[in-house]
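Colleague: If you want the building blocks of each chain, they are given just below.
Protein chains: 2
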Amino acid sequence: MALVVQKFGGSSVADAASIQRVARRVVATKEAGNDVVVVVSAMGDTTDDLLDLAAQITDDAPAREMDILLTAGERISMAVLAMAIDKLGVKARSYTGQQAGLRTDTRYGKASIVGVVPERVSRAIKDGQVAIVAGFQGVNELNDVTTLGRGGSDTTAVALAAALQADVCEIYTDVDGLFTADPRIVPSARRIERITYEETLEMAAQGAKILHLRAVEYARRYKVPLHVRSSFSYKEGTWVTDAPVDAPAEEEAMEAPIISGVAHDRSQGKITVVGVPDVPGTAAHLFEVVAAADANIDMIVQNVSSGATGLTDISFTLPEADGPATLAAIEAARGQLRFTELRYDDQIGKLSLVGAGMRSHPGVSAKLFGALSAAGVNIEMISTSEIRISVVTRAQDLDPAVRAVHTAFDLDAEESEAVVYGGTGR
Amino acid sequence: MALVVQKFGGSSVADAASIQRVARRVVATKEAGNDVVVVVSAMGDTTDDLLDLAAQITDDAPAREMDILLTAGERISMAVLAMAIDKLGVKARSYTGQQAGLRTDTRYGKASIVGVVPERVSRAIKDGQVAIVAGFQGVNELNDVTTLGRGGSDTTAVALAAALQADVCEIYTDVDGLFTADPRIVPSARRIERITYEETLEMAAQGAKILHLRAVEYARRYKVPLHVRSSFSYKEGTWVTDAPVDAPAEEEAMEAPIISGVAHDRSQGKITVVGVPDVPGTAAHLFEVVAAADANIDMIVQNVSSGATGLTDISFTLPEADGPATLAAIEAARGQLRFTELRYDDQIGKLSLVGAGMRSHPGVSAKLFGALSAAGVNIEMISTSEIRISVVTRAQDLDPAVRAVHTAFDLDAEESEAVVYGGTGR
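Chains A and B supply the protein sequences, listed in that same order. Everything in the first sequence is counted per the working numbering, starting at 1 for the first residue and increasing by one. Everything in the second sequence is counted per the working numbering, starting at 1 for the first residue and increasing by one.
Certain hints may be false.
Any copy, or any two copies together, can satisfy a pair, since identical chains are not distinguished.
Straight line, CA to CA, 25 Å or less: simulated BS3-like cross-link-like pairs of lysine-lysine [unchecked claim]: (1) Lys110 <-> Lys209; (2) Lys87 <-> Lys110; (3) Lys110 <-> Lys91; (4) Lys209 <-> Lys235.
Hints are computed from structural coordinates only; laboratory data are not their basis. In this text, all values refer to a predicted model and were calculated from it rather than measured experimentally.
Kindly produce the complete structure, drawing on both the sequences and the hints.
Modeller: Rendered as structure tokens:
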């Protein structure tokens with residue numbers, strides 16, 4: 001008998017029929033002898049509809065009121081799921097973030113969890129009931145509702161699993177787990193059976209959309225085993241744990257794969273500041289300006305200075321959404337920064353090769369660049385971490401680049417393993 | 001400077017444009033120098049949509065979960081209204097029933113208020129903010145959300161007004177107040193300027209739809225002055241207070257009108273149990289059976305016994321919705337009740353003449369019967385209270401009967417006063 005936390009996203013509870021399917025899954029888990037706690041997101045488009053409604057009223061809604069508005073969505077889905085489970089003969093009780101003891105700070109719209117005191121959830125479990133908890137929301141010290149921001153429901157699930165010392169936190173989605181590459185780009189992508197938190201963080205940060213960074217960080221800190229799997233099948237998904245050596249004994253002892261997967265990201269743009277004076281403090285000054293514009297920069301490249309002019313170029317990547325504001329901020333500082341030209345390029349793509357094994361295996365980068373070269377893909381920027389190599393390419397080169405690298409590192413499956421069950425996204 | 005509680009129903013906040021209109025009204029009241037507390041219902045059809053969703057899942061939803069589901073509607077409207085008021089430059093904060101201190105018992109779906117501790121609302125007022133409170137909902141001792149049942153938002157408003165010792169509780173609707181008859185039937189109906197709680201209760205119980213019985217009872221108990229008015233105009237509406245003698249001194253001292261108005265009710269049916277033994281205990285037994293079927297009976301008539309047969313007939317009225325179940329219950333008890341025939345008639349109408357003045361004015365009933373007779377309307381049943389006379393007629397006679405009585409008691413206005421601003425109903 002295990003304690004299982006199951007998280008279902010908006011597409012898993014999009015309508016009455018989906019909710020009934022989720023209810024059957026929950027009941028099956030319960031009847032297999034487990035205690036079950038469920039975390040749900042708002043149904044399908046509910047959150048977008050509520051945002052639209054607010055946008056009809058104001059473009060500057062007070063954050064406190066926006067959080068009250070948005071949390072209505074999870075109240076609906078959790079209550080309806082409780083009804084559906086009850087209908088199947090299993091007692092279920094739904095709890096808001098406040099009732100489930102999800103305590104946060106007061107930063108409306110992007111609150112951080114400061115404590116989890118799930119007394120009512122524990123009591124429900126003890127009484128043999130399924131506890132259903134609203135994802136994405138908590139309560140602050142003022143007794144006001146707060147939201148956790150993007151990926152909030154994943155974080156709720158992991159935080160509850162940690163507080164309840166659950167045996168596993170299952171994250172349900174519309175694919176069978178994490179793959180060595182996006183199956184829409186690489187049809188031969190393989191399901192990853194087991195991956196470390198660290199690798200998952202690099203995959204997530206580099207654009208793999210299945211799991212939210214913050215939830216994985218939380219899981220790593222509290223050592224919550226994650227099981228990412230499909231709500232449309234009963235197949236095993238991907239286990240995210242501390243290290244592959246934690247694998248059950250019955251699995252063959254084998255060396256961990258060198259490479260976990262190939263992530264890609266199409267959502268970044270590149271800003272190039274041309275002709276800045278190559279003197280100490282220039283970069284610092286530029287990135288102060290960028291930071292003040294709240295841009296989340298990723299890769300930075302500074303060209304070798306041309307000795308003749310004493311000028312250099314600095315390029316950096318950032319989310320496209322941050323592009324216009326950042327450009328405006330730099331333009332406004334033209335007087336101090338003294339650059340000659342400001343360029344913006346939103347036609348870039350980023351490919352990242354991730355694998356804990358590359359620490360101890362030299363030659364990975366050579367193989368990567370060789371594969372890209374053979375595929376005729378030009379590399380514009382490079383950045384690395386201990387377990388990741390990322391390159392920036394032209395946007396139209398990204399898909400062939402991902403396929404070439406996936407093949408070069410022997411990641412292709414014999415036959416296609418990936419099935420996308422529902423619509424797109426989650 | 002006064003403290004004003006304003007209640008807006010679902011049709012007043014049906015969409016973004018309506019919410020903005022309500023916001024302007026609230027801001028105007030605030031800028032006139034008043035403190036304002038607003039109680040809102042769910043937007044337009046939200047509650048019906050949520051009921052539909054639940055019906056797709058189960059026909060037997062746990063009441064606790066149903067309350068969580070339904071209260072999502074008010075969270076949405078209150079947050080959006082707060083945004084709209086904020087947009088107009090006035091600080092507003094929205095509060096759930098729990099946050100506003102609306103404490104109830106644990107009867108989900110039809111909870112009673114057991115206490116109102118509106119600390120946060122008081123603090124908001126003190127800070128110069130408009131407090132917006134979700135109608136229809138409270139919190140019980142388990143920290144679970146409850147709903148107050150039909151007319152719940154009116155009751156929330158009155159309960160808050162009582163707890164805050166507000167100067168007035170304004171109930172906004174889509175007509176200019178209470179009328180001497182339904183303007184859709186009697187175009188010459190007059191707006192009632194001032195009416196007592198008692199008369200309003202009789203009017204409401206007899207089918208006038210504007211105010212909910214329970215809210216009026218609450219207002220009477222705590223002496224909360226009600227002002228029923230239109231959210232579409234700034235005209236004075238109808239004041240519901242303790243007695244007309246409380247009228248401000250500047251008003252001419254004049255005798256209260258004998259008759260306040262003519263109410264009608266088309267939603268009742270009549271059951272006649274034919275040929276029951278005319279012996280003691282028969283009626284008691286019949287109405288035990290009816291009570292066990294949870295029917296809410298209204299008028300009862302027992303015919304004079306026919307001495308020859310020792311049998312009599314008993315007729316009573318009840319809401320049409322209760323008809324089928326009640327008929328089935330009586331039919332099932334046929335063995336004990338020993339009646340010869342069971343009849344059901346859903347083609348009846350009920351007319352009620354209400355007025356505190358009839359206590360001291362004999363001749364009211366004679367005048368009523370005379371007017372009905374002159375209009376060719378047959379009376380099937382009669383019941384009276386101290387301040388009301390009700391008669392049952394054929395359904396198709398009801399409208400002409402209401403018009404005839406309205407005219408006979410000099411209630412007709414010189415010119416039409418009634419304007420229905422929005423759609424139908426509230």
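Colleague: Against this structure, judge whether each hint is valid.
Modeller: So, going through the hints one by one against the coordinates:
| no. | hint | in the structure |
| --- | --- | --- |
| 1 | Lys110 <-> Lys209 | within (19 Å within a copy, 45 Å between copies) |
| 2 | Lys87 <-> Lys110 | between (35 Å within a copy, 22 Å between copies) |
| 3 | Lys110 <-> Lys91 | between (33 Å within a copy, 22 Å between copies) |
| 4 | Lys209 <-> Lys235 | within (20 Å within a copy, 57 Å between copies) |
Violated hints: none; the structure is consistent with every hint.
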